[in-house]
Amino acid sequence: MNQLLGFVKKEFTHIFRDSRTMIILFGIPIIQLMLFGYVITTEIKDARIAILDHSNDNVTRELTNKILSSGYFRLEDNLQNEHQIDPIFKKGDVKQVIVYEKDFAQKLEREGKANIQVIADASDPNTAQMLYNYTNGIVQDYTKKKYAGFAIPVQIKSEVRMLYNENMVGAFMYVPGTMALILMLISAMMTSITIAREKEMGTMEILLVSPLKASHIILGKVAPYLLLSIIDAVVVVLLGNMVFGVPIRGSIVVLAFLVVLYITMALSLGILISTVANSQQVALFISGFALMLPTMLLSGFIFPIENMPVPLQILSNLMPPRWFIDALKQVMLKGNGLEYIWPNILILCTMTVFFLALSIKKFRFRLE
Amino acid sequence: MIEVGNIEKSYGKQKALKGISLEVQKGELFGLIGPDGAGKTTLMRILVTLLLPDRGYAKMDGLDVVSDFRKIRTLVGYMPGRFSLYQDLTVEENLQFFATVFGGTIEANYHLIRDIYSQIEPFKNRLAGKLSGGMKQKLALSCSLIHAPKILILDEPTTGVDAVSRKEFWEMLNKLRHKGITILVSTPYMDEANLCDRVALLQNGTILSIDTPKNITAGFSKNLFGVKVETTTQRFECVGLLKEMQGIDSVFSFGESIHITSNQPAIQEIQVTEYLNGRGQQGITVERISASIEDVFMELMQNEGN
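So the sequences go chain by chain: A and B.
Its first residue numbered 913, the first sequence is counted upward by one per residue in this note's numbering.
Its first residue numbered 662, the second sequence is counted upward by one per residue in this note's numbering.
Read the hints as simulated data drawn from the structure, not as lab findings.
Every residue gets a Cβ at the ideal spot worked out from N, C-alpha and C, and that includes glycine.
Do not rely on the hints blindly, as some may be mistaken.
Think about it this way: if two alpha-carbon atoms lie no more than 25 Å apart in a straight line, the pair counts; the simulated PhoX-like pairs of lysine-lysine are [said to hold, decoys possible]:
| hint | chain 1 | residue 1 | chain 2 | residue 2 |
| --- | --- | --- | --- | --- |
| 1 | A | Lys-1125 | B | Lys-811 |
| 2 | A | Lys-921 | B | Lys-791 |
| 3 | A | Lys-978 | A | Lys-921 |
Covered by chain A, per the in silico footprint, the following chain B stretches (three or more residues, Cβ under 8 Å) [said to hold, decoys possible]:
| hint | segment |
| --- | --- |
| 4 | 734–740 |
| 5 | 748–755 |
Chain A extracted, bound-state conformation (with noise of 0.2 Å):
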């Protein structure tokens, strides 16, 4: 027991000395949380659009009052003829173009159909689907509250709520997410690098020449690491909620046991790597391209499982940030209990016996 403790206090030690890894685990995880959350943002304000009136008349300046006034949007020029559309995109500015057809009103009077083109910037495809449906949106409600009083045979309208993100805010999505990264990125690159610094200094030879068994190597690495992060994991669901106001909804017991089980699960994973990476710059990419990109990429962090093609759906399994953010969502935004997230935490229960199984074995005890 004396053997641990001295170990850990080692490792304090190691940890508080060097500034470096001061940053990486106090500095970056509120960087990467106010980046997410401000910055990478999918919500539209304020895109540059021009339109080109071949009619100008009273409906088709009104609607354009209307759709400026959204929010959404900001005039960025008036068109005069449609030469103009092509080089006004090339120039990059302008996301959209809104174009009038001829005697806009009159054939609205008369045909009871009139023409609006919208051009996007699709190269850009999310952006220029949601400016478009802000866009299309706009047009049907003026429509619809223009002509109210005309009957239009048989209409479903429908009354759309968004459940437990009303505003939908960015920040529900990315908190999660963040969370699940700066977990990983800490616990899982932090101690496979420790590890790994060990067997690069030499030290590790005198640490297997010693009466410490692997169990205490492995436990006093991973000890100030867990510590550390649940310190990390309280500062982001306090950031989240006071900045962003990401709610927690759930229990607080519950989160706090599936969060220690997800840093528990990243810290073997990071033994895991450790076993394997016999310096620190290995350690440092195996746990950078192995985990990082999947955890941003496969977890539905930032892109919708649902979206993705069908074998990388079944990748996305075997993602261990899958699992957590799906349960954290369910936990802080919905307010579920254990009844639900049961079967996420089974999965991460294997996982982390599996990796910790694993690393076990692999774990020598000499040096081959």
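Knowing the structure of chain A, use the given hints to seat chain B on it.
Leaving out everything else, chain B in the frame of chain A:
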């Protein structure tokens, strides 16, 4: 105390040890002497249970290095060739850590390290990475002694250390031996061989000779001459000339002078001087000298080559 029987070890196709046997008695200061790549580190790593031998056996205090490796790890003190302490911990923290790892305290075995540690104690709050080479070695030795090991295994402890520190280091080893600790030490410096009780000369994974330094040099049967020259250029020229001289077996540059061997009684100092003078080399002195370990080593290596 240490028993090695016909140990073989290969890394891939490279044979590092080709059947090595030796025995070290309790309380002996035993030296493994040999150039880089001779297999010293490999043998030591097998003894401290870090590597598995391909063939043969080794016992430390009667314990097998393969099956009893856990027990061996409690009774052996090991100092690897590379400085392997925590550079970001202070001198005292390092010592404290290793004492705890072995389940002891600094105080319990302070008497063992007092002579050594007292020299670096004034710097106990300095980071280990900021120590000089000699001080690092003293700290490393202290750390490997803090659990009172029965056997001490030191891999090239004096490599890269200044001459004064080297001398001090060997004095410390001598004192430790008198405290009953068995010491196996390796070194590439032949002159350090004389400070050991017994040495094994190692070359290319085989043992050339095992004996006391005195017996090893006494066993040198040929006539050995030292040729002193005036300049470096002259030394090169003389080496070339001597290699062509009839009746000379070997010619080696030894720092400032040249060592030549011959087993023909007809060749004495005067013959060598005349030979060189006759070829335009003036101002040289030739004298008969007694063999050092290095001379023996060169001789053995040459025989091995043939």
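25 Å Cα cutoff - pair A:Lys-1125, B:Lys-811: holds, 20 Å
Given pair status - B:Lys-791, A:Lys-921, alpha carbons within 25 Å: holds, 21 Å
Verdict on chain A covering the segment 734–740 of chain B, where coverage means 3 or more residues with a C-beta closer than 8 Å: Answer holds; 4 residues pass the 8 Å Cβ test.
Pairwise hint evaluation, A:Lys-921 against A:Lys-978, where the allowed Cα distance is 25 Å at most: violated, 65 Å
Chain A over the segment 748–755 of chain B, status - at least 3 residues with CB closer than 8 Å: holds (count 4)
In this structure, only the earlier hint numbered 3 is contradicted, and the remaining ones agree with it.
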